[in-house]
Every structure is written in structure tokens, then in C-alpha cells.
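K.L.:
Chain by chain, the residues run as shown.
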Amino acid sequence: GAGVSQTPSNKVTEKGKYVELRCDPISGHTALYWYRQSLGQGPEFLIYFQGTGAADDSGLPNDRFFAVRPEGSVSTLKIQRTERGDSAVYLCASSLIGGGGTGELFFGEGSRLTVL
Amino acid sequence: GENVEQHPSTLSVQEGDSAVIKCTYSDSASNYFPWYKQELGKGPQLIIDIRSNVGEKKDQRIAVTLNKTAKHFSLHITETQPEDSAVYFCAATPSKNYQLIWGAGTKLIIKP
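Top line first, the protein sequences correspond to chains A and B. With the first sequence counted from 1, adding 200 to any position gets you the working numbering. With the second sequence counted from 1, adding 374 to any position gets you the working numbering.
It is possible that some hints are incorrect.
To be verified - As a list, the in silico DSSO-like pairs of lysine-lysine whose alpha-carbon atoms are at most 27 Å apart:
| # | chain 1 | residue 1 | chain 2 | residue 2 |
| --- | --- | --- | --- | --- |
| 1 | A | LYS278 | A | LYS217 |
| 2 | B | LYS431 | B | LYS411 |
| 3 | B | LYS411 | A | LYS211 |
| 4 | B | LYS396 | B | LYS431 |
| 5 | B | LYS416 | A | LYS211 |
| 6 | A | LYS278 | B | LYS432 |
| 7 | B | LYS485 | B | LYS432 |
| 8 | B | LYS445 | B | LYS432 |
| 9 | B | LYS442 | B | LYS396 |
Source of the hints: derived by calculation from the structure; they are not laboratory data.
Required output: the full structure, derived from the provided sequences and hints.
P.N.:
Below is the structure:
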């Protein structure tokens, strides 16, 4: 079956613009995660969904970042008033059951965001 | 909060030799320790994991060891092959078990 799909694969935008990044998880996976990865670093947790609700959004850096998963499947990460420091690869992962400690995370290939 | 340190940052080994990557963690409540492999332009992929009630786990050429007392765990790859070249990440789960905390990664280079 298909893996986790993320679009766009690359996004270049100007400082101050609004950006949406989309994640289509593996069918049937109830848990969905967003991570951010800067060059030469490990992924950094942003937000975790169990079904439609955000179970933990404590990793979102500030109120410019928001994520939704309205039907418990596709998720969109939204970034308002982008800043150069937002440039990174945004990774989405899904798992069959919730909890990084109880299920393998399946990652997409990421969306590379560049803010000029 | 949990902090995971990983070393070395780069490791170069001759094809056929063994490679060892080490990680330490700070939160004694952490109970799950996965290792992910990331190839260029791809997302991380789980290669092996270990839970806190086990000291060692092996899967073909890959093994992981865990020392809970010292709060460190290691990845061992034997008989390395060119396709093992990648960046390897260790991770740990703190008390919130859905929130993986990752090391900074080790770039493994297999020399032919």
C-alpha cells in the first residue's frame, strides 16, 4: 500500500507569507505526528493527533503555527507570517496506534520549506 | 525534560568492519528506544527498537544494547555494506510516550 504522502515536496516563499503543508497518512493509521528537522539535526516534535483531535501541541514554537486534521485522516500544517527561521524540512509521520512508545512511526519524505 | 545525546557525529568504517553508535539519555522514566535510518532526501525509517525491560536485541546484522543504570544505549552494525551508508538517529520516549526525543544523528560512511 501507499506510504505517508507529503505535499509539496519543496516550497519557497517570501518572509511574511502564509504557507500550508499537507500530509496524507497511511490508511487506517489513527495517530499522526508533525516534526521539524533542521539541517544536521534530529527531528523536533511539533504536534501529535489521535484521530481528529490534537492530543499534544506543546511542540509548536509559537502561535504562527497551527495544524488541523478535521476528518481524522489528512492533516494540514499552517504557518502564518513566515520567518527565515522557519526554514526546515517538515516531516509528517503516522502510526497504527498512538504513542511513540507503542508503535513504529512511518515517515513521509518531508516538505522542504525555504523562507527568503 | 528529556535530553538525548548521540556520538560520534560522523563515523567512517571500512566495508566489512563493524560500526558502533552510542547515545545517552537523561530521563530515567524513558522506556522505549528506537533507532532510525535516514537516507538523503527521505524520511527516517525504523531499523530496530528496544524497550526498557530488555537489555539487548538483535536482528541479523543489527543489534541494540541498553544499560538502564547508566542511561545509555548503543547501535551495533556488523559486516557493514555500502548500503548501510546513511544518517542514523537514536531516540527516547520521556514520560509522554508519544513524544520521541531525538539525538542529533550520526553520519555513517562505509568506505569500499
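K.L.:
None of the hints should be skipped; say for each whether it holds.
P.N.:
The hints, checked one at a time:
With a CA separation close to 11 Å, the supplied pair A:LYS278 and A:LYS217 stays within the 27 Å bound. Between the alpha carbons of B:LYS431 and B:LYS411 the distance comes to roughly 17 Å, so the proposed pair stays at or under 27 Å and holds. At roughly 25 Å between alpha-carbon atoms, B:LYS411 and A:LYS211 fall within 27 Å of each other, so this suggested pair holds. Taken as a hint, the B:LYS396 and B:LYS431 pair is honoured in the structure, with Cα atoms around 15 Å apart against an allowance of 27 Å.
This hinted pair checks out: B:LYS416 and A:LYS211 have alpha carbons roughly 16 Å apart, not beyond 27 Å. With a C-alpha separation of about 41 Å, the suggested pair A:LYS278 and B:LYS432 falls outside the 27 Å cut-off, and the hint is violated. With a C-alpha separation of about 24 Å, the suggested pair B:LYS485 and B:LYS432 falls inside the 27 Å cut-off, and the hint holds. For the hint linking B:LYS445 to B:LYS432, the alpha-carbon distance of about 19 Å falls within 27 Å, and the restraint holds.
Our distance criterion of 27 Å between C-alpha atoms is met by B:LYS442 and B:LYS396, whose separation comes to about 14 Å.
Comparing the model with each numbered hint stated earlier shows that hint 6 is the single one that does not hold.
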